[in-house]
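Heads up: the protein sequence lines correspond to chains R and G, in order. For the first sequence, position 191 (counting from the first letter as 1) is numbered 190 according to numbering that gives the first Met the number 0, and the numbering increases by one without interruption. For the second sequence, position 161 (counting from the first letter as 1) is numbered 160 according to numbering that gives the first Met the number 0, and the numbering increases by one without interruption.
Derived by calculation from the structure, the hints in this document are not laboratory data. The reader is advised that the hints may include incorrect statements.
Derived coverage of chain R by chain G (criterion: at least 3 residues anywhere in the stretch with Cβ under 8 Å from a Cβ of chain G; other residues may be distant) [what the hints assert, rightly or not]:
(1) 23–37
(2) 61–71
(3) 74–82
(4) 137–151
(5) 199–212
(6) 215–229
(7) 234–242
Which residues of chain R face chain G? A partial, calculated answer using Cβ under 7 Å [unchecked claim]:
(8) VAL40
(9) SER174
(10) ASN175
Calculated Cβ distances over 12 Å to all of chain G for the following chain R residues [to be verified]:
(11) GLU43
(12) ARG101
(13) PRO102
(14) LEU119
(15) ASP157
(16) SER159
(17) ALA169
(18) THR184
(19) ARG189
(20) ALA192
(21) VAL193
For glycine and all other residues, C-beta sits at the position ideal for the given N, C-alpha and C.
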Amino acid sequence: MRGLFTALTVALLLGGAGEARAQALVADLSDHLIAVTTGFVGTELLLFGATDGDEGDIVVVVRGPAERVMVRRKERTGGIWVNRHNVAFSGVPSFYHLASSRPLTDITSPRVRSRHQLGLDNVRFGGLRSPRSDVAAFRQALIRNKRRDGLYPNDAGDISQLGNRLFRTAVVFPSNVPTGSYTVTVYLLRKGAVVSAQTTPLVVSKIGIGARVYDFAHRNSALYGIASIFMALMAGWLAGAIFKRA
Amino acid sequence: MQIYLPIAELSVNIFLFLGMGAGVGFLSGLFGVGGGFLMTPLLIFAGISPAVAVATEANQIVASSVSGALAHWRRGNVDVKMGVVLLVGGFFGSTLGVWLFSLLRGLGQIDLVIRVSYVVFLGIIGALMLVESLRAINRQRKPGGKRRKLHQHNWLHGLPFKMRFRRSKLYISALLPLAIGVLVGILAAIMGVGGGFIMVPAMIYLLGMPTATVVGTSLFQIIFVTANVTFLQAWQNQTVDALLALLLLAGGVIGAQLGSRAGAKLPGEHLRSLLALIVLGVCARLGYELLARPDDLFSIGHIVGQG
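The task is simple: from the sequences and hints, build the whole structure.
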């Protein structure tokens with residue numbers, strides 16, 4: 000039984016290696032970890048890769064971890080603008096960046112775009128709680144707000160190709176980039192169809208003092224509150240003491 | 000130089016915030032006001048979310064009121080008994096306030112309530128200060144005006160549960176300072192202020208306390224009420240950004256000391272009218288944002304938990 004299992008594993012591994020050799024697409028990121036440190040002002044990663052040499056188009060999609068978002072609409076009430084209507088969306092990518100070697104509409108059919116969720120219009124949000132008829136307006140507003148925050152950069156990312164083999168593209172992450180596990184998916188398209196795809200993980204994580212403060216505040220909220228008060232008491236007392244002597 | 004604020008979750012210019020702390024600190028030292036009612040709107044203008052601005056400002060006020068209260072304590076200007084009665088009301092009010100804050104936040108209305116509260120209170124306080132300072136300037140020009148009576152008796156003195164406050168030379172109902180404490184506590188929680196700008200006039204005009212003990216006693220009370228707000232906001236809403244508070248208080252503590260020194264030398268009434276204009280300016284800006292049609296009627300907010 001055990002021997003059979005080992006043989007199977009070996010066979011699988013060999014099979015896997017063979018597949019890798021024939022792979023039409025390989026890609027990697029210049030870094031797999033974005034460290035959000037105290038001095039973080041945003042960053043840029045390089046995504047690069049190679050194809051097997053035949054003609055083809057490349058599409059790169061970077062998706063942040065899914066989140067739930069409440070979209071609210073203001074209405075004028077008694078002279079002032081008040082949030083009156085809301086729709087909750089789930090499965091919303093907290094960050095979405097798309098780059099393509101040629102305009103997306105030139106290289107893909109609507110069916111392919113919808114199937115692979117290429118482009119913000121095709122990203123599917125889940126768990127719609129509201130049966131409103133104007134949900135589409137809320138969805139558009141969500142995308143518009145995310146875009147304004149720099150988290151859904153315009154679909155203008157371009158990919159430069161060298162010969163028919165190498166390609167590279169830069170992905171810009173703003174300083175307010177959400178933390179969590181990202182997926183970077185590279186698609187190779189030929190004649191409008193996806194012939195190969197590769198997903199690379201990317202982690203955005205708070206590092207250093209900021210990360211410790213954040214963890215402390217969320218894991219030990221009560222203790223964090225007491226520590227904040229203590230810090231303020233000490234600072235106030237210290238200032239009083241220093242300036243009394245001066 | 001940029002610094003990433005861990006709770007506010009954005010990168011800000013360190014000098015802008017140190018400067019804001021120092022500027023507001025200077026004004027608060029100069030006029031003996033807490034400064035929270037200027038700092039919280041400034042933080043909101045600078046892009047900090049109102050929820051984080053309010054909670055963090057409460058934390059900063061703990062620090063600024065400690066150094067102020069200590070100075071008054073040394074001069075014997077704190078009526079501890081009165082402070083404790085105010086404080087009991089303040090604890091109750093601020094706990095209620097934080098609960099309201101969480102509730103309104105869940106409903107998506109907290110930004111609106113913060114803004115409306117500011118417009119109302121800044122409008123009233125700014126207008127009163129302006130009138131008062133203009134009158135004072137006039138009085139200086141024409142000396143020999145009428146003096147106000149020290150104590151005036153009215154229905155407030157008929158309330159039960161009378162207590163003697165030796166330090167303030169008062170024998171009044173404890174209900175009155177309790178009620179003031181509750182009101183100020185609610186404001187502290189929702190607006191991120193110490194509430195001195197409400198409490199000081201209330202203590203003078205409603206309680207009839209001598210002006211010497213008013214500021215020290217209100218600062219004494221503010222320490223504990225803002226500490227309670229800080230604790231509850233940190234615990235329930237995780238909106239206290241300690242790093243931001245540290246930046247603000249580093250600037251603020253120095254600014255306040257310089258301000259209180261400058262205050263002794265400068266023509267107070269003219270500056271007070273200037274402060275009134277600043278307050279009204281902030282009020283007008285917040286008010287305009289409420290009345291003007293927003294660029295985008297839609298806004299988005301996180302729902303806590305994974306999607």
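Is the nearest CB of chain G more than 12 Å from the CB of ASP157/R?
holds, 27 Å
Counting residues of the region 74–82 of chain R with a beta carbon closer than 8 Å to any beta carbon of chain G, are there 3 or more?
Coverage by chain G holds for the region 74–82 of chain R (7 residues, Cβ < 8 Å).
A cut-off of 12 Å on Cβ-Cβ distance, and ALA169/R was said to be off the interface with chain G. Does that hold?
Its Cβ never comes within 12 Å of chain G, the nearest being 20 Å, so this holds.
Distance rule for SER159/R, whose beta carbon must clear each one in chain G by more than 12 Å:
SER159/R clear of chain G: closest Cβ-Cβ about 29 Å, beyond 12 Å.
Under a C-beta cut-off of less than 8 Å, do 3 or more residues of the region 215–229 of chain R approach chain G closely enough to confirm the stated coverage?
holds (count 10)
Measuring Cβ to Cβ, find out whether ALA192/R lies farther than 12 Å from everything in chain G.
holds, 30 Å
8 Å C-beta criterion, at least three residues: is the region 199–212 of chain R covered by chain G:
holds (count 5)
Does THR184/R clear chain G by more than 12 Å, comparing its Cβ with all Cβ atoms of that chain?
It holds; THR184/R is separated from chain G by about 19 Å at its closest Cβ, greater than 12 Å.
Satisfaction of the SER174/R interface hint, Cβ to chain G closer than 7 Å
Holds - the Cβ of SER174/R comes within 7 Å of chain G, reaching about 4 Å at its closest.
Would the stated hint for VAL40/R survive a check requiring a Cβ distance to chain G of less than 7 Å?
Holds - the Cβ of VAL40/R comes within 7 Å of chain G, reaching about 5 Å at its closest.
Going by Cβ atoms, does LEU119/R stay more than 12 Å from chain G at every point?
Its Cβ never comes within 12 Å of chain G, the nearest being 14 Å, so this holds.
When you look at the beta carbon of GLU43/R, is every beta carbon of chain G farther off than 12 Å?
Answer for GLU43/R: holds, closest chain G Cβ roughly 15 Å.
When each numbered hint is compared with the structure, no violation occurs for any of them.
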